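Colleague: Residue numbers (numbering that gives the first Met the number 0), protein chains in the order written: chain A, 0 to 411; chain B, 0 to 411.
Everything labelled a hint here was simulated from the structure, so no lab data went into it.
This structure is a prediction, so every number in the text was calculated from the model and none was measured.
The reader is advised that the hints may include incorrect statements.
Stated by the list, open to error - Sample of chain A residues with no beta-carbon within 12 Å of chain B, all distances over it, derived:
#1 ARG19
#2 PRO58
#3 ARG63
#4 ALA67
#5 GLU73
#6 PRO100
#7 MET220
#8 ASP307
#9 VAL367
#10 GLU382
What the hints assert, rightly or not - Below 25 Å or equal to it, Euclidean Cα-Cα: the simulated SDA-like pairs (lysine to any residue) are:
#11 LYS123/B <-> SER105/B
#12 LYS123/B <-> ALA109/B
#13 LYS48/A <-> LYS409/B
#14 LYS23/B <-> LYS123/A
#15 LYS123/A <-> MET102/B
No residue lacks a Cβ here, since even glycine has one placed at the ideal position from N, Cα and C.
There are 2 protein chains.
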Amino acid sequence: MPVLVMKFGGTSVATLDRIRRAAKRVGVEVAKGYDVIVIVSAMSGETNKLVGYVEETSPLFDAREYDAVVSSGENVTAGLMALTLQEMDVPARSWQGWQVPLMTTSAHSAARIVDIPTENITRKFGEGMKVAVVAGFQGLSPEGRITTLGRGGSDTTAVAFAAAFGAERCDIYTDVDGVYTTDPRICENARKLDKIAFEEMLELASLGAKVLQTRSVELAMRYKVKLRVLSSFEEQSDEAGTLVCDEEEIMELNVVSGVAHSRDEAKMTLFSVADRPGIAAAIFSPLSEAGINVDMIVQNISEDGRTDMTFSCPTNQVKRAEEALKKAQDSGEINFHNLLADTNVAKISVVGIGMRSHTGVAAKMFKVLSQEGINIKVITTSEIKISVLVDRKYMELAVQALHDAFELEKAA
Amino acid sequence: MPVLVMKFGGTSVATLDRIRRAAKRVGVEVAKGYDVIVIVSAMSGETNKLVGYVEETSPLFDAREYDAVVSSGENVTAGLMALTLQEMDVPARSWQGWQVPLMTTSAHSAARIVDIPTENITRKFGEGMKVAVVAGFQGLSPEGRITTLGRGGSDTTAVAFAAAFGAERCDIYTDVDGVYTTDPRICENARKLDKIAFEEMLELASLGAKVLQTRSVELAMRYKVKLRVLSSFEEQSDEAGTLVCDEEEIMELNVVSGVAHSRDEAKMTLFSVADRPGIAAAIFSPLSEAGINVDMIVQNISEDGRTDMTFSCPTNQVKRAEEALKKAQDSGEINFHNLLADTNVAKISVVGIGMRSHTGVAAKMFKVLSQEGINIKVITTSEIKISVLVDRKYMELAVQALHDAFELEKAA
């Protein structure tokens, strides 16, 4: 029998009623002839409650005990989902991470999956079981302790199972009905994409379109697992949602697939830095050591042996970045006249795998923004993405203008 | 190091604050030089919530999934207790049932403990760990599924660990401060017992003094585990609570140790049963098959080939008992004129291991009741117990009168 993996997030299993609804979707796929592996999150709110207990008990908690506590929410949902399926006469049973066993590293609270043996579940499928319900987000360390995979771990669990079992597809049920060309709350013309390439999804995910965890997309790309994102709150056809897949499976690649935005980026500028070979390393090493996620970097042309250096980082890391740079200044590692943080900016990106073979996207983007009177502060580009920082007040205007200009409301 | 087992019930770990309080008690024992095994229940209310989920999902639930779901509450408490102890600089870690592994039978929801390997925990004690926090109530079946031990399973877990590790004592922390000569709500002279023999405790437990589960007392008796019942809500000395122990450890055995009562017993009488050899079996086999817990049985002298048969059973089983008996009547297995259920009765028992060597307890009991004008409806006796059924309205009077007559307010 072909295997299908279906993952239901916290809001999709938040109540017994929603679990029943999700179970019905599973029943539909079983009726089509699939052996189904269902990955479940904890009922929404449960994990936060447990995390709250742990943090209140022990601010600097032992991550092994944290994992033992917070993983229990998924165990509850797994059992309840199995029972619900049995009530619908679908042969099902639950698996906790250690029962599979889903082997991970010992990096508690941020463990990485090492191995998923398929023998036990495959044998049960052979004996007539139709659905294996697996508690997401958790695994077993080599020391025999419970581990968790960190934020978004259930998406990652689902993709890893799909890879291990050679599943035909991995369906991620969530509270949105797919991936859009841009944020529908900002741009009413936003269109749901039927397909999107892994690389594009990665750029969109890391740019704040939080439909899928970056890590699960990376894993899906590596193992060529077809991922489908769809809503658990709507009746579904086979073509529902958005398929995240290898670019080769997309007939007509979009030049531009989407416009992403992020409010969480701040711009920092070091004015009049004494320029010398190795100065970039001297600036960014202390930032890296302080755990700052530097994103965009721009260096102006050097004049009189001094230059300006601009970079962006998450807004909530600005303080730490300032401290790290001032410390480097004090210790004589770097020398600058002034340091300025601007948190009043937004990052706008156009993403599209077709950019690889099409030129002129950047020029068009800059022209559109200029026509709207929007000043560009910083620019960076990658193979399939162009990002700019603009004043935050222009964010919505920029997104709408770019969505219109690239005609994203129309299918490719 | 000597090992001590400490068990905390649901009300003793109901909040993070109470967990801290319990952890402090554990810290006191660690400071005395014990290696401590702590058995925890779920935070009070949690297990009922989970049972509610299961029953709503699936009225005739798969007990394997039931066990997987309801066991999760203990896992949460175990992790939180370990973290709390760590915060107090007491080296501790949590164990879930499958990690020990506490091996049980496959009788899900009512599993029996088969084996508790001590190697893992003993090795950790050797490495400097002072407290092993174990999730109570749960184990692992030979098939690798999670089992639960049924009601009161955490008490049983605690006693079994005490037996396996040869613990010096097993302290059961609960919301009462010990075992009393009778219910203090009924008789203000009720006195806390310093010591009570296993056999007496068994009779009192099964008679509705619900301080300890019958099963855990049986296990303690078999393995000669010293059990101490004490309150987690009071400051404790070494002599606090009640020690349940072998009768040989009690210097002065009471003739009567306590007066127990139960409202949950109903009296059923079959009038004018056609008497013949095997009639008792013909009556009680169908009751047994219907799962009725018949307690007291009385058969009157036979006249003209017919007799009256009276028995008692839990009030909530009366309906099922009536149905079973009428079915037996219809099928011709038994023949009676009339069936009468009286749910307006109470069971009063005097219990004392000294009865074995002292005579006259029954006579005294009947005389006391008669002096108070209380009519006795049914009598049964065992080696260390005499029970009677009386009209329920006399229950409190009977308890008080017997408590006074046997001078239970005075220590032996």
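Colleague: Give a verdict on every hint.
Modeller: So, going through the hints one by one against the coordinates:
For ARG19/A, the non-interface assignment is contradicted: its Cβ lies about 8 Å from the closest Cβ of chain B, within the 12 Å cut-off. Under the 12 Å C-beta cut-off, the non-interface status given to PRO58/A relative to chain B is violated; the minimum distance is some 9 Å. Chain B draws ARG63/A into its interface by the beta-carbon criterion, the shortest separation being 7 Å against a cut-off of 12 Å. A beta-carbon of chain B comes within 12 Å of the beta-carbon of ALA67/A; the shortest separation is about 4 Å.
The beta carbon of GLU73/A sits about 9 Å from the closest Cβ of chain B, which is not more than 12 Å, so the claim that it is off the interface is violated. Residue-level check failed: PRO100/A sits 10 Å from the nearest beta carbon of chain B, not beyond 12 Å. For MET220/A, the non-interface assignment is confirmed: its Cβ lies about 34 Å from the closest Cβ of chain B, beyond the 12 Å cut-off. Even its closest Cβ contact with chain B, about 49 Å, leaves ASP307/A beyond 12 Å, as expected for a residue assigned away from the interface.
In this structure VAL367/A is separated from chain B by more than 12 Å, as the shortest Cβ-Cβ distance comes to about 53 Å. Every CB of chain B lies more than 12 Å from the CB of GLU382/A, the least distance being 45 Å, so the non-interface label holds. In summary, the hint linking LYS123/B to SER105/B is not supported, as the alpha carbons are separated by about 29 Å, beyond the 25 Å threshold. The hinted pair formed by LYS123/B and ALA109/B fails the criterion: a straight-line CA distance of about 30 Å is larger than 25 Å.
Distance restraint check for LYS48/A and LYS409/B: the Cα-Cα separation of roughly 50 Å exceeds the 25 Å cut-off, and the hinted pair is therefore not satisfied. Annotation: proposed proximity of LYS23/B to LYS123/A is violated, straight-line Cα distance about 47 Å (limit 25 Å). With a C-alpha separation of about 23 Å, the suggested pairing of LYS123/A with MET102/B holds against the 25 Å cut-off.
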